[in-house]
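Assemble the whole structure, with the sequences as input and the hints as a guide.
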Amino acid sequence: MKELQYLNKYFIKYKFHFLLGILITIAAQIFSLFTPKLVSKSFKAIEDFHKNDLSSAMIKTELIHNILWIVGTTLIAGILTFLMRQTLIVMSRHVEFDLKNEVFRHYEVLDQNFYKRNRTGDLMSRISEDVAKVRMYVGPAVMYTINTFIRFTVVIIYMYNVSPLLTLYTLLPLPILSFIIFKLSKEINKRSNIFQEYLSKISSFTQEIFSGIRVVKAYALENQFQKNIEELAQESKTKSMSLAGVQSLFGPLMIALIGVSNLVVIYFGGLMYIEGSIKSIGTIAEFILYVNMLTWPVASIGWVSSLVQEAEASQKRINEFLKIEPEIKNKVTENTPIRGAIEFNNVSFTYEDTDITALKNISFTINEGETLAILGKTGSGKSSILSLITRLYDIKEGRISIDGKKIDEINLNDLRSSIGIVPQDAFLFSDTIKNNIKFGKENATDEEVFDAAKKAVVHNNIVHFKNKYDTILGERGITLSGGQKQRVSIARAIIKNPQILLLDDCLSAVDTETEEQILNNLLQISKDKTTIIVSHRVSSAKNADKIIILDEGKIIQEGSHNQLINEEGYYAELYLKQLSEKELN
1 MKELQYLNKY FIKYKFHFLL GILITIAAQI FSLFTPKLVS KSFKAIEDFH KNDLSSAMIK
61 TELIHNILWI VGTTLIAGIL TFLMRQTLIV MSRHVEFDLK NEVFRHYEVL DQNFYKRNRT
121 GDLMSRISED VAKVRMYVGP AVMYTINTFI RFTVVIIYMY NVSPLLTLYT LLPLPILSFI
181 IFKLSKEINK RSNIFQEYLS KISSFTQEIF SGIRVVKAYA LENQFQKNIE ELAQESKTKS
241 MSLAGVQSLF GPLMIALIGV SNLVVIYFGG LMYIEGSIKS IGTIAEFILY VNMLTWPVAS
301 IGWVSSLVQE AEASQKRINE FLKIEPEIKN KVTENTPIRG AIEFNNVSFT YEDTDITALK
361 NISFTINEGE TLAILGKTGS GKSSILSLIT RLYDIKEGRI SIDGKKIDEI NLNDLRSSIG
421 IVPQDAFLFS DTIKNNIKFG KENATDEEVF DAAKKAVVHN NIVHFKNKYD TILGERGITL
481 SGGQKQRVSI ARAIIKNPQI LLLDDCLSAV DTETEEQILN NLLQISKDKT TIIVSHRVSS
541 AKNADKIIIL DEGKIIQEGS HNQLINEEGY YAELYLKQLS EKELN
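Each residue of the sequence shown is one higher than the last, beginning at 1 in full-length UniProt numbering.
Derived by calculation from the structure, the hints in this document are not laboratory data. Be aware that one or more of the hints could be misleading.
Result set (PhoX-like, lysine-lysine): computed pairs, CA atoms no more than 25 Å apart in a straight line [stated by the list, open to error]:
#1 316 <-> 190
#2 360 <-> 377
#3 316 <-> 116
#4 2 <-> 13
#5 360 <-> 434
#6 60 <-> 201
#7 316 <-> 15
#8 190 <-> 201
#9 454 <-> 116
#10 44 <-> 60
#11 542 <-> 527
#12 406 <-> 434
#13 542 <-> 377
#14 527 <-> 454
#15 542 <-> 406
#16 405 <-> 554
#17 554 <-> 360
Structure, rendered in structure tokens:
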């Protein structure tokens, strides 16, 4: 139960629901206990009729009176039980809502290294499967625990008041029940942990395959992955059946123990009636009803115990995740407006997960409103510079400054809000094209959306779709071509109107004519913005105020377009190569 203590804050938050549920439960149990008393009273009336030769009319009147009371109190108990469920189960839904939001918010603040170390399927499993298991604890498990405890307490008090000795005989099987629950609970907890791990593995595996289904089909690997999922599912099934096997022992054992309690009541109650220590046969009937009233609570102990063990296993996984501290933290609470001057001073950066040094002693300066182009071979560190500017990673060597302040001394929300980035791998959401563009500015008007799309040279493509801007895109924008995805992503950055614009090789999938149109539009848009263009094409870099060339994480050339084409090196060679290719085309 140690892991589940984390949820106590939610019980405090929803204490009104919780306490009201307990009060309603107590009231429901009190009303449900009228029936055994009234049955005992009816039996006694019948016995008195035979002993004292009372009139049948009086007996009939009393029996009808008792029946009406039984019906009335049972209806009230039923209504109160319904209200109990409404109160406590609703509370569990509130807790589920809050916990899912808490988990999601924690996902949002965690850094890139966390997402590199963890698979998406496992993260989805924690916010869905694990939270659902926890809700079953907060709702049904807590509700039935309260119900069982109150019913046991009230019933035993009533039983003791009628016959202390018969109560003792009736409760004799309970220590055996407690021992069985203890042993089975430990085994359920162990097997539940293993089963949850396999559920997470299946989620991760299937999510990865669904995301990469085009590659799977292209390489005709369907049979291989079908075999893999079957093996994984078989393992999961084995663990699930193992868990179910232990859980299935609870029901029969509980019913058997209740049956034994009934036999004990009949046997010892009968002996006590013969001896005269029990005055009425109705007392035995009353005790049998009490024992049967305990049947479901006792039987539910096993199920509740199973829910608790599964919830503890799930909450442990959630707690482990929630304890992870983000490496990138917002150290500044006050607002820090961004103008856009950027400076790298002897910056070196190594990726912790691969131990690859991406940047080595990088130094450059971009003044507010200037454009910098970064060129270089694949893996030379171009994208890493953009990742550092957006503080997706923090550096350990050198200094990065924005407007003269160290980057970690700037409010992180202000920094990222002032940046518009078009990533190398354009990511679009499974939503309409309009909403994907408005992701850059949620309250944008339709006119602003159309204008951004025109500047990104994708408007003419969109209007030819059947539903135009209301076209729903497939996962990751699969509906669109590579070039169209890049241009929608550019429109999303343009509509944001950021102070710093980062373009990470975002024109690689468009033809040269379209590229020229977009670059001319960007030239007008970025006049008062600090812009960094990462590219493999000279055509994308030629209008920049400054150009740097990277190779293996180092700056090997630096200057303007005119300076670099007249200087021996990578840029001049690339320029001549691409110029000749253009002439051939």
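Hints and how they fare:
At roughly 13 Å between alpha-carbon atoms, residue 316 and residue 190 fall within 25 Å of each other, so this suggested pair holds. About 15 Å separates the Cα atoms of residue 360 and residue 377, which keeps this hinted pair within 25 Å; it holds. With a CA separation close to 22 Å, the supplied pair residue 316 and residue 116 stays within the 25 Å bound. With a C-alpha separation of about 19 Å, the suggested pairing of residue 2 with residue 13 holds against the 25 Å cut-off.
Note on residue 360 and residue 434: the hinted pairing is violated, with a Cα-Cα distance of about 41 Å set against a maximum of 25 Å. Distance restraint check for residue 60 and residue 201: the Cα-Cα separation of roughly 67 Å exceeds the 25 Å cut-off, and the hinted pair is therefore not satisfied. Annotation: proposed proximity of residue 316 to residue 15 holds, straight-line Cα distance about 24 Å (limit 25 Å). Proposed proximity of residue 190 and residue 201 is supported: the alpha carbons are some 17 Å apart, at most 25 Å.
Between residue 454 and residue 116 the CA atoms are separated by roughly 36 Å; this puts the pair beyond 25 Å, and the hint is violated. A threshold of 25 Å between alpha carbons decides the hint, and for residue 44 with residue 60 the separation of about 13 Å falls inside it, so the pair holds. Note on residue 542 and residue 527: the hinted pairing holds, with a Cα-Cα distance of about 15 Å set against a maximum of 25 Å. Distance restraint check for residue 406 and residue 434: the Cα-Cα separation of roughly 37 Å exceeds the 25 Å cut-off, and the hinted pair is therefore not satisfied.
Among the hinted pairs, residue 542 with residue 377 is consistent with the structure: their alpha-carbon atoms are about 17 Å apart, no more than 25 Å. Taken as a hint, the residue 527 and residue 454 pair is honoured in the structure, with Cα atoms around 18 Å apart against an allowance of 25 Å. The hinted pair formed by residue 542 and residue 406 fails the criterion: a straight-line CA distance of about 30 Å is larger than 25 Å. Distance hint between residue 405 and residue 554 is fulfilled; the C-alpha atoms sit about 24 Å from each other, no more than 25 Å.
At most 25 Å may separate the alpha-carbon atoms for a hinted pair to count; residue 554 and residue 360 meet this at roughly 5 Å.
Of the numbered hints listed earlier, those contradicted by the structure are 5, 6, 9, 12, 15.
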